[in-house]
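Asker: The residues making up each chain are set out below.
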Amino acid sequence: MKRALLLLLISSGRAAARQGPPPAIDPRVDATFQIYDRGDKAAAKRELDKLLVAAASDPAAMVLLAHGLDMRQEYAWAEPFARRAVLLRPDFAPCQYALGVSLLFTDHVEEAERVLRAAAGRFAGTQDEPDLVFSLAMACVLQNKRLEGGLTFAKAIELQPKNALYRFSAAENDRNLKRLAEAEAGFRLAMTLEPPHADAAWKLAMTLAELGRFAEAEPLFQRAIAQGTPASRQSAAYQFAVFLFERGRAQEALPLLQALVKARPADRMAWNYLARTLRALGHKEESAAALKRYQSLQAEFDRTETDYLLGLIRAQRSGGRAPDGKQMPERH
Amino acid sequence: MRASAARSRTVVLLALVAGCGDDERAQGGGDPSAASASPETAEDPTVRFRLVDEASSRGLTAMNHCGSPTAKRYALEEIGQGCALFDMEGDGDLDAYLVDGCGLVAPPDPQGDWTPALDGECRLFENDGRGHFRDVTEGSGAGLKVFGQGVAAADCDGDGDVDLYVTCWGKNHLLENDGQGHFADVTDRAGVGDDHWSVGAAFFDADGDQDLDLYVGNYFAMARARDPDCWNKVDCPYYEMLAACGPKGMVPEPDTFYVNQGDGTFRDASEEAGIRSVEPRYALGVVAFDYDRDGDQDLYVANDSRGNYLFENDGHGRFTEVADLAGCALSSAGLQQAGMGVGCGDFDGDLDLDLFCTNFSHDDNTLYENDGRGGFLDVSSRQAFGTEAWLALGWGTDFVDFDLDGDLDLFVANGHVHPVADRRAPELTYKQRCRAYLNDEGRYRDVTPAAGSGLTRRASFRGAAFGDVDEDGDEDVLVAAQNEPPALFVNYPAEGAERHWLTLELEAVGRNRFALGALVVAEVGKRRLLRFVHSGGSYASSSDPRLHFGLGAATRVERLTVTWPDGSTQFAADVAADRKLRWRQGAAPEPRLP
Numbered sequence: 032m033k034r035a036l037l038l039l040l041i042s043s044g045r046a047a048a049r050q051g052p053p054p055a056i057d058p059r060v061d062a063t064f065q066i067y068d069r070g071d072k073a074a075a076k077r078e079l080d081k082l083l084v085a086a087a088s089d090p091a092a093m094v095l096l097a098h099g100l101d102m103r104q105e106y107a108w109a110e111p112f113a114r115r116a117v118l119l120r121p122d123f124a125p126c127q128y129a130l131g132v133s134l135l136f137t138d139h140v141e142e143a144e145r146v147l148r149a150a151a152g153r154f155a156g157t158q159d160e161p162d163l164v165f166s167l168a169m170a171c172v173l174q175n176k177r178l179e180g181g182l183t184f185a186k187a188i189e190l191q192p193k194n195a196l197y198r199f200s201a202a203e204n205d206r207n208l209k210r211l212a213e214a215e216a217g218f219r220l221a222m223t224l225e226p227p228h229a230d231a232a233w234k235l236a237m238t239l240a241e242l243g244r245f246a247e248a249e250p251l252f253q254r255a256i257a258q259g260t261p262a263s264r265q266s267a268a269y270q271f272a273v274f275l276f277e278r279g280r281a282q283e284a285l286p287l288l289q290a291l292v293k294a295r296p297a298d299r300m301a302w303n304y305l306a307r308t309l310r311a312l313g314h315k316e317e318s319a320a321a322l323k324r325y326q327s328l329q330a331e332f333d334r335t336e337t338d339y340l341l342g343l344i345r346a347q348r349s350g351g352r353a354p355d356g357k358q359m360p361e362r363h
Numbered sequence: 261m262r263a264s265a266a267r268s269r270t271v272v273l274l275a276l277v278a279g280c281g282d283d284e285r286a287q288g289g290g291d292p293s294a295a296s297a298s299p300e301t302a303e304d305p306t307v308r309f310r311l312v313d314e315a316s317s318r319g320l321t322a323m324n325h326c327g328s329p330t331a332k333r334y335a336l337e338e339i340g341q342g343c344a345l346f347d348m349e350g351d352g353d354l355d356a357y358l359v360d361g362c363g364l365v366a367p368p369d370p371q372g373d374w375t376p377a378l379d380g381e382c383r384l385f386e387n388d389g390r391g392h393f394r395d396v397t398e399g400s401g402a403g404l405k406v407f408g409q410g411v412a413a414a415d416c417d418g419d420g421d422v423d424l425y426v427t428c429w430g431k432n433h434l435l436e437n438d439g440q441g442h443f444a445d446v447t448d449r450a451g452v453g454d455d456h457w458s459v460g461a462a463f464f465d466a467d468g469d470q471d472l473d474l475y476v477g478n479y480f481a482m483a484r485a486r487d488p489d490c491w492n493k494v495d496c497p498y499y500e501m502l503a504a505c506g507p508k509g510m511v512p513e514p515d516t517f518y519v520n521q522g523d524g525t526f527r528d529a530s531e532e533a534g535i536r537s538v539e540p541r542y543a544l545g546v547v548a549f550d551y552d553r554d555g556d557q558d559l560y561v562a563n564d565s566r567g568n569y570l571f572e573n574d575g576h577g578r579f580t581e582v583a584d585l586a587g588c589a590l591s592s593a594g595l596q597q598a599g600m601g602v603g604c605g606d607f608d609g610d611l612d613l614d615l616f617c618t619n620f621s622h623d624d625n626t627l628y629e630n631d632g633r634g635g636f637l638d639v640s641s642r643q644a645f646g647t648e649a650w651l652a653l654g655w656g657t658d659f660v661d662f663d664l665d666g667d668l669d670l671f672v673a674n675g676h677v678h679p680v681a682d683r684r685a686p687e688l689t690y691k692q693r694c695r696a697y698l699n700d701e702g703r704y705r706d707v708t709p710a711a712g713s714g715l716t717r718r719a720s721f722r723g724a725a726f727g728d729v730d731e732d733g734d735e736d737v738l739v740a741a742q743n744e745p746p747a748l749f750v751n752y753p754a755e756g757a758e759r760h761w762l763t764l765e766l767e768a769v770g771r772n773r774f775a776l777g778a779l780v781v782a783e784v785g786k787r788r789l790l791r792f793v794h795s796g797g798s799y800a801s802s803s804d805p806r807l808h809f810g811l812g813a814a815t816r817v818e819r820l821t822v823t824w825p826d827g828s829t830q831f832a833a834d835v836a837a838d839r840k841l842r843w844r845q846g847a848a849p850e851p852r853l854p
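Protein sequence lines, in the order shown, are assigned to chains A and B.
Residues 32 to 363 (the working numbering) make up the first sequence, in order.
Residues 261 to 854 (the working numbering) make up the second sequence, in order.
Chain A with its partners taken away, still in its complex shape (with noise of 0.2 Å):
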């Protein structure tokens, strides 16, 4: 949401259609935006937690910041802003968007799926409906309530059925439950819409792939490795790798294995999948130490996730909240 648009909107109070300027903001929210966004994040959080003290009775502090820092991606910053504007304005839906928001994305995905049921049934009919009920789908997903997941995109479609964020997500989501003629639909949407979504083009090559439809799925790949962002890139370049070693064509997936795990060092499936594709080559002594890279990195991150479900049964014990989530990594 624009924040000149979050303003007017906070301003007025959508449900109570009052009319009025928008409301001084406290220059402090913006000052703090600098300091951030000039890579002095430890000052930026020191102004942070003063702003949550000194602005706590100014909603418009307080979800402009939670909104700020959710487009930064630091949604355990916004979270307290958002909660606090939640508090101060439960009328108004973005404050509980903000909070929705924050807490999908730290883990805390069943508080955000209260939040946003709450929301999306409070605002039906506004114009903020459809941002709800598409999160309220993404927290459903989050937590594998798939085909829950999968009738709430269909309501968000069929309230923004323009939005190529809510075609990809649905077809993501179709993907996994196996309806790939749905999720090939919902992908080749979600690449004609304006504007497009990144993803959607080696997405829907994967999916023509799983359909046995090899052909149509190479051009794809090579289109999405030429024209999307540099992640989405990357993301495209490692599934056709994946795609030629599958289809016996190591030594067309070497150079864009090589060229990942040069640019993703810490990309463990790219050196698995690297030192498969020289083995299958010959190269026995490279794919050895691809091998051993892989290995090392698997072991590392098995060793992370070990110390955090003992955290995370500690604290469940001790009958804490886990710091950054609450759920068990997926059984896979």
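A couple of the hints might just be wrong.
Straight line, CA to CA, 20 Å or less: simulated SDA-like cross-link-like pairs of lysine to any residue [stated by the list, open to error]:
(1) B/Lys786 to B/Gly756
(2) A/Lys186 to B/Glu687
(3) A/Lys323 to B/Val538
(4) A/Lys315 to B/Thr580
(5) A/Lys323 to B/Glu758
(6) A/Lys72 to A/Pro58
(7) A/Lys186 to A/Gln174
(8) B/Lys786 to B/Asp574
(9) A/Lys193 to A/Glu213
(10) A/Lys323 to B/Glu687
(11) A/Lys323 to B/Ser592
(12) A/Lys323 to B/Gly632
(13) A/Lys315 to A/Ser327
(14) A/Lys323 to B/Gly594
(15) A/Lys315 to B/Gly634
(16) B/Lys840 to B/Gln830
(17) A/Lys186 to A/Leu173
(18) B/Lys405 to B/Gly453
(19) B/Lys691 to A/Leu178
(20) B/Lys786 to B/Asp665
(21) A/Lys315 to B/Asp631
(22) A/Lys72 to A/Gln104
(23) A/Lys293 to B/Gly594
(24) A/Lys323 to B/Gly534
(25) A/Lys315 to B/Asp584
(26) A/Lys315 to B/Asp574
(27) B/Lys691 to A/Arg177
(28) A/Lys315 to B/Gly632
(29) A/Lys315 to B/Leu595
(30) A/Lys323 to B/Leu595
(31) A/Lys323 to B/Asp469
(32) A/Lys323 to B/Gly827
(33) A/Lys323 to B/Thr580
(34) B/Lys786 to B/Arg852
(35) A/Lys323 to B/Ser591
Just so you know, these hints were derived from the structure itself, not from any lab.
Keeping the supplied structure of chain A fixed, place chain B upon it in accordance with the hints.
Answerer: Just chain B, lined up with the frame of chain A:
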């Protein structure tokens, strides 16, 4: 989904009108217990078999015990038991063994270990030759009162009868058969009483000396001596619920490998064989097979929540773990899946052995296609396993030619671990349906609704054993169920199905008499069907080692080629269909008696 929902509605209406399952048995009686199940069936003329649950009417009524039926505090109470189909007295028919668990007793001292309540008993059932069973546990010596998990059945002492190795939480047990179905517990003498929490096990000839060695897959430590905190790890968050903890966060137990010393005793060779050179994981399903066709028996171990193992044998019983490079440790998406059961067979007819792993809910079961060059490709996503398979939690499994058309179909026993999963219904349920997948020229599709009323039964199913219990030429399935009697899915042909078959019982020279590891190729027209003799596989269960060939419309096999465990080969030409043959090494196949 919309199409399938509409179809489901139609199916329910049809079933209400027609009376579900009335015409699904071309022979034999039905099971009244099946009538209470939901009529979620459909007509599909391409499905030429029906699975009917006849456990109750055929006498397999033993109740399973595995902790509380509804409130399971520890994973011990959740992972469930296996079963076996084996010929205990050499009379040619398949008898049944149901491993049982029991309840758990809290320690008087909070710092002590929980102990087994011993209120369950493993049960032995004798087949009367017509597929009806009688409980013969009493006095058989097989009625172990333990916290049992699984069973491996094989002639481990080479005396011509089938012995039982029962895995347990606590000491495992080796039950030596006297050939008449009486068993003596020879665990201590044999030296195979691994006291970890063991689940899957497999007998196989690891070192080529023609006797059977033993691999035991171990899960995690549930004893304070090995994990002082194990009993305190309870109430782990599972979505919005609390459930038993594990395996992640628990202390994995190392697997054990025993070498048969040929004198009735075994030696723990885990270290020298290379089994302990890898980090311990959470082993469940185990199968021995020759993945690279180099003539020795390799091992595949399905690990829960960690990468699976593939131990490559150097031909002398020394192993190197190669699953990462071979591509069968993880899913193609790089996930360490929750490996439970494992099936092994040539699903695509290219004369190498492929693998199928069952996994946790909200995940694929994984079909690994052997590329014939020492590698595997995860081809699961190209199958039509469907939404239900992805939501289900799989256990016992194997490749089975249900419709006797020559290719290998798939069976999966399902059931969730956590009873609280029901709070997530309908997406998650504790009790689930077993599922059947039809092989359509190398691509599987879910045909469960059309595969007979038996598959409408919902339970928390676990281990599955496969074999022809009613001696009609096709394979049936025995499936253990948590805190319930088992299911016995008897396989019946659809009306008018053309299904010829051949059953082979191999008898090798030496002490590996049942020829574990032997490969047989049947040439039928342009097709070549590969089957192999093995123990282990599935989940904690043991299937009949006899080989089943579905021949479809063919009435003869042009040529049979057997590769015996010692590497020698033999041929037989122009073999008539619809017969049960015994093939002794060095002799010609002959009708199996009785």
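Asker: Looking back at the numbered hints, which does the structure fail to meet, lowest number first?
Answerer: 1, 5, 8, 10, 12, 29, 31, 32 and 34
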